[in-house]
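Residue numbers (full-length UniProt numbering), protein chains in the order written: chain A, 1 to 313; chain B, 1 to 278.
It is worth saying that the hints were derived from the structure and are not from the lab.
Misleading hints may appear alongside valid ones.
Unchecked claim - Keeping only pairs whose Cα atoms sit at most 30 angstroms apart, straight-line, the calculated DSS-like set for lysine-lysine is:
| # | chain 1 | residue 1 | chain 2 | residue 2 |
| --- | --- | --- | --- | --- |
| 1 | B | K10 | B | K266 |
| 2 | A | K77 | A | K95 |
| 3 | B | K182 | B | K104 |
| 4 | A | K306 | A | K222 |
| 5 | B | K169 | B | K104 |
| 6 | A | K95 | A | K306 |
| 7 | B | K133 | B | K74 |
| 8 | B | K106 | A | K233 |
| 9 | B | K10 | A | K222 |
| 10 | B | K6 | A | K306 |
| 11 | B | K10 | A | K233 |
| 12 | B | K74 | B | K266 |
| 13 | B | K7 | A | K120 |
| 14 | B | K169 | B | K266 |
| 15 | A | K27 | B | K104 |
| 16 | A | K222 | B | K6 |
| 17 | B | K6 | A | K120 |
| 18 | A | K161 | A | K233 |
| 19 | A | K233 | B | K266 |
| 20 | A | K120 | B | K10 |
| 21 | B | K106 | B | K182 |
| 22 | B | K182 | A | K27 |
| 23 | A | K161 | B | K45 |
| 24 | A | K27 | B | K169 |
| 25 | A | K120 | B | K266 |
| 26 | B | K106 | A | K306 |
| 27 | B | K106 | B | K169 |
| 28 | A | K95 | A | K84 |
| 29 | A | K27 | A | K233 |
| 30 | A | K222 | A | K120 |
| 31 | A | K222 | A | K233 |
| 32 | B | K169 | A | K222 |
| 33 | B | K106 | A | K27 |
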Amino acid sequence: MSLSQGVTETAINSKKTVNRKKIKKDKWVPYLFILPSFLIILGFLFYPIATVFYYSVQHYDVSAPYYNGFAGLENFKEIFTTDKMFIPSLINSLKWVVSEVGLQLVFGMILALLLNQTFKFRGLVRAAAFIPWAVSGVLASTMWSLMFNEHMGVLNDLLMKMGIINEPQAFLANTSTAFTAVIIAELWRGIPFFAITLLASLSSIPDELYEAARVDGASRWKSFIFVTLPQLKNTIVLTTLLRVVWEFNNVDLLFNLTGGGPAHSTTTLTMYIADLAVHGSNFGYGSALTVVSFGILLVFAILYLKLSRYEKE
Amino acid sequence: MFTVNKKVDKILTLYLPLTMLLSFTIFPIYWTLNTAFKPEGDIVKRPLQYMPVNPTTENFVAAWTNVGFATFFKNSLIVGVFTVIAVLICSTLSGYALSRYQFKGKRSFMLMLLCTQFIPRAMMIIPLFVIFKNLGLISNPLSLIITYTAIEIPFTTILMSGFISNVPKELEEAAMIDGCTKLQSLRHVVFPLLLPGIVATGVFTFIYTWNEFLIALMLTNQQSKFTLPVGLSTMMGEFSINYGALAAGSVIALIPAVILFAYAQKHLVNGMGGAVKG
Chain A
1 MSLSQGVTET AINSKKTVNR KKIKKDKWVP YLFILPSFLI ILGFLFYPIA
51 TVFYYSVQHY DVSAPYYNGF AGLENFKEIF TTDKMFIPSL INSLKWVVSE
101 VGLQLVFGMI LALLLNQTFK FRGLVRAAAF IPWAVSGVLA STMWSLMFNE
151 HMGVLNDLLM KMGIINEPQA FLANTSTAFT AVIIAELWRG IPFFAITLLA
201 SLSSIPDELY EAARVDGASR WKSFIFVTLP QLKNTIVLTT LLRVVWEFNN
251 VDLLFNLTGG GPAHSTTTLT MYIADLAVHG SNFGYGSALT VVSFGILLVF
301 AILYLKLSRY EKE
Chain B
1 MFTVNKKVDK ILTLYLPLTM LLSFTIFPIY WTLNTAFKPE GDIVKRPLQY
51 MPVNPTTENF VAAWTNVGFA TFFKNSLIVG VFTVIAVLIC STLSGYALSR
101 YQFKGKRSFM LMLLCTQFIP RAMMIIPLFV IFKNLGLISN PLSLIITYTA
151 IEIPFTTILM SGFISNVPKE LEEAAMIDGC TKLQSLRHVV FPLLLPGIVA
201 TGVFTFIYTW NEFLIALMLT NQQSKFTLPV GLSTMMGEFS INYGALAAGS
251 VIALIPAVIL FAYAQKHLVN GMGGAVKG
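If we strip away everything but chain B, and leave its shape as in the complex, we get (with noise of 0.2 angstroms):
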């Protein structure tokens, strides 16, 4: 009787409200590859069909040529590399300040990039625009590839401070005794300890220039040059909508976000768990 009731107690506190927000989570991933693999025809059919009764890959070839989803993926990864490349550089170095100097200014700066997270997003889009256009920018990777930049530098470099802390600062001094110069002990000691934190690092800023909208909108007015964001939204504002298509070109759009999540998750979870408690 008791374990009765133990197990109908853990159905009732555990799977079932887990199942129902699962579903929730996982319900819309799953109509919109439904919707990607099915006919274009059978998409509005009735009834609807809740798994393709004629699968198909045509809504991804008509996405990925005709609508010009490899440009916007290739955009994409252009920004996306280009911005992770200098944001790493720029959070490892100021990063290493915070946690191994002690230095005057240090409270400053860390207020500064504090200040940063309360700038709206939506103030920056006037002035960027004129800040790019008359650097002659405008649909240019470099300008989103900088403002990204400058966007992520500050809670990066929170992070990667956290992570380097987690260094102990004895192993490098003696790497030192035993003969290293600074830059040894920083590439064979501390560098491989921090690799999982620089790739977690990375995963994040990958995520968020692959996902930016308004600002890429802002700053890009020509079709051959937006980014994935800019290209669904394009898609989705036409008069008279490709679903098929749309739903192939929102998969594309999504493998690469996840299957980086996925690889980054538990890092990425303590380390924003650490950055906000503290």
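Bound conformation, chain A alone (with noise of 0.2 angstroms):
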């Protein structure tokens, strides 16, 4: 072996170790890159949510510190086998998520379907549907309170002028009422969102698909539950899950038009969580709801999860 040769392959050698610190250092980039979105999460996100678990198996009462301290499950048996409110809230949650998620599929879709059709003014007509998806919760309560309103709310008006009732009704005051009253302004609200995920969707269905069904004769009927449904069943099924956990965990209207009331009839577990947070002080009792509140929610999206995969096979 020549000196020369030696000198060559060592600089080629040292080369590659230059190589070798270039894609070391980038490789570095990425996680420089995530780094701050990372500390953020982790600090604000994940570790409130572990503080939770364990103020769960505390007694935790800002008004009473006296007592601070290990509970074991006292919080949860309490919320089982004393708690006069749980199953209520609980009971109400479902109602709650069924009939709004439901219906906002429902109109949602009809929305989507009628917007997606070609007419004059579309994206104008498309801009002022979507307007009450920028609408805040508290906001849709004050516009919902002054139309439900019994002294000047233009609903009794409404309905007194079509003679379906015959006296103005504080229909937010009423046990038999609030409810629906509730969920016709939350509807108001959500419509949006599924109308603008299930348009997305839409129009990224081929044209040749509704054809082919036209040629054999499908009626406009058949053609939706055999082209567009099938096509939009991701979607769907995606945008529901999401929704759902996000109307069990909506209380932004059920706090502002109703408090929970009257006689709890509007008090979802949410909304009892989120009043015992914001009135009460017993913060320990609060973190056991919410870790079983948590629960509710972890079991659900496991099993939709499960179900749809299961379908599709």
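Using the hints, put the two chains back together into the complex; each one sits in its own frame.
Right, dumping it as structure tokens:
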């Protein structure tokens, strides 16, 4: 082996290490990029959740700090045995989620099918139809409270003009109408979300599929059932799942329109928790309720994803 | 005959249901506007006025100055703007990493982002209150800015990585072959193409912060620090409600959200559809 050869080889080797070093240096880049997001999510999403689990096995009452300390499963025992609010609020949650998500899906689908057709000013009409999506829960509450109001509400006025009711009703203060009233208000805000996501996948269905159905003599209803629905299935499954979780947790309208009343008739589980957190001081018990509600959501999410995957095969 | 049938068909299957759904959507907004422009006495007067007979702006003046909507508006604006800046920086960086690099832990990171979407917001209010109480940040806009940033990063990261993937990698490489540094190619090639996506993500984040209620309620206990939703909610809970001012305050809160939404609607619809689809 001559000297020059050795030098060249070393040179090649060192060049290789330089390259490797450069790659090694580049390897850090993606980690550096995700670092801020990672830290913020860890510190202000995952850490708070972890502490909820910790508080749930503690006596933690801000107004009675003497008794604070390890509680074991006592909070949970109280929820399932002595808490008179738990089961009714769970039933209300179920009613709330099923009626909201069901109605939003149906009306969102109708709206999406309508907006997918061609007509004049379609862009403008779409924007107008989607506005409630940008309206906050509190804002929807103020708007609908102006309409539901007993003394100045337009809804009473219209229903009386149509002869459906004889005298003004306090829709939000009556146990038989309060829940329905809040459901309508939330429906108003929820339809656009479904319409937006469904419209996005509707417009990606190839026209040939519909033409083929037409050639085969399928009616409009049949081509909806056999062409549109199967094509939309994944979107429907995912949107419904997201929406169930979202509506289960959503309290803005309940909080502001009825505050869970009258006589707790509109208190869902999340409303119960929010009320305890905002107006109460027993954070340990509130945390235990939170853990229970998280468990319910988790079981639901797993079941739902399993079932929808199972169907596909 | 055929065309008449076609017309009837179009009315029944398109115009009629569309008009009904649109009236359902528009009417509450119209009624709020209608109430906001009526003088106090006319609001409860019967027969109900479906158009303001004596239109006035006194409710807006009352809401803005007496009730404090000027302060609420300013607070919401501060929280919104700083959250948008923080979210855009974080989500552009992490979105770029997800879209352009293969690295160990990428899948876990994406799984972590997905998991956050199932965290109940109401689950966080007690621990967040304790955390920010310990940090001395209750009634401080910083507590809301940090929390909203954390909540918005996962979804906006996925949005941004989608937008970044739409910018061909070859363009970036071509710029670098032409002598640009990595940073220059990002600034002069990627950034301009990405701008619509950045705007959409910013608008999406801003509307969220503008509308968020429960966390803001929990982390704020001074009226001078209320955001618009908390201010509106407090006003609704008062014993005797000034409906004119409430309606005017609602309009004040509504306008920025609607303008931003109308501006970025197209991008949002595409982005949201894409994010939900896959």
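### Query
Within 30 angstroms, alpha carbon to alpha carbon, are K27 of chain A and K104 of chain B?
holds, 10 angstroms
### Task
With a cut-off of 30 angstroms on the C-alpha distance, tell me whether K10 of chain B and K222 of chain A pass.
holds, 18 angstroms
#### Entry: Pair hint outcome, K222 of chain A versus K120 of chain A [Cα-Cα no greater than 30 angstroms]
Cα-Cα ~27 angstroms, so holds.
### Query
K106 of chain B and K169 of chain B: Cα distance at most 30 angstroms?
holds, 19 angstroms
### Message
For K182 of chain B and K27 of chain A, compute the direct alpha-carbon distance and say whether it is at most 30 angstroms.
### Response
This hinted pair holds, its Cα atoms lying about 15 angstroms apart.
#### Entry: Hinted pair K133 of chain B and K74 of chain B, Cα distance within 30 angstroms
Holds, at about 23 angstroms.
### Message
Given the hinted pair K233 of chain A and K266 of chain B, is their Cα-Cα distance within 30 angstroms?
### Response
At roughly 23 angstroms apart (the allowed maximum being 30 angstroms), K266 of chain B and K233 of chain A satisfy the hint.
### Task
Please work out if K106 of chain B and K306 of chain A have their alpha carbons no farther apart than 30 angstroms.
Satisfied, since the Cα-Cα distance of roughly 24 angstroms is no more than 30 angstroms.
### Task
Below or equal to 30 angstroms on CA atoms is what counts here, so check K95 of chain A against K306 of chain A.
Since the Cα atoms of K95 of chain A and K306 of chain A sit roughly 23 angstroms apart, the hinted pair holds (cutoff 30 angstroms).
### Message
Against the 30 angstroms threshold, does the CA-CA distance of K10 of chain B and K233 of chain A hold or violate the hint?
### Response
holds, 27 angstroms
### Agreement of K169 of chain B and K222 of chain A with the hint, judged by alpha carbon distance not exceeding 30 angstroms
violated, 44 angstroms
### Task
Below or equal to 30 angstroms on CA atoms is what counts here, so check K120 of chain A against K266 of chain B.
Given pair K120 of chain A, K266 of chain B holds - Cα atoms ~17 angstroms apart, limit 30 angstroms.
Of the hints listed earlier, those the structure fails to meet are numbers 10, 18, 29 and 32, in rising order.
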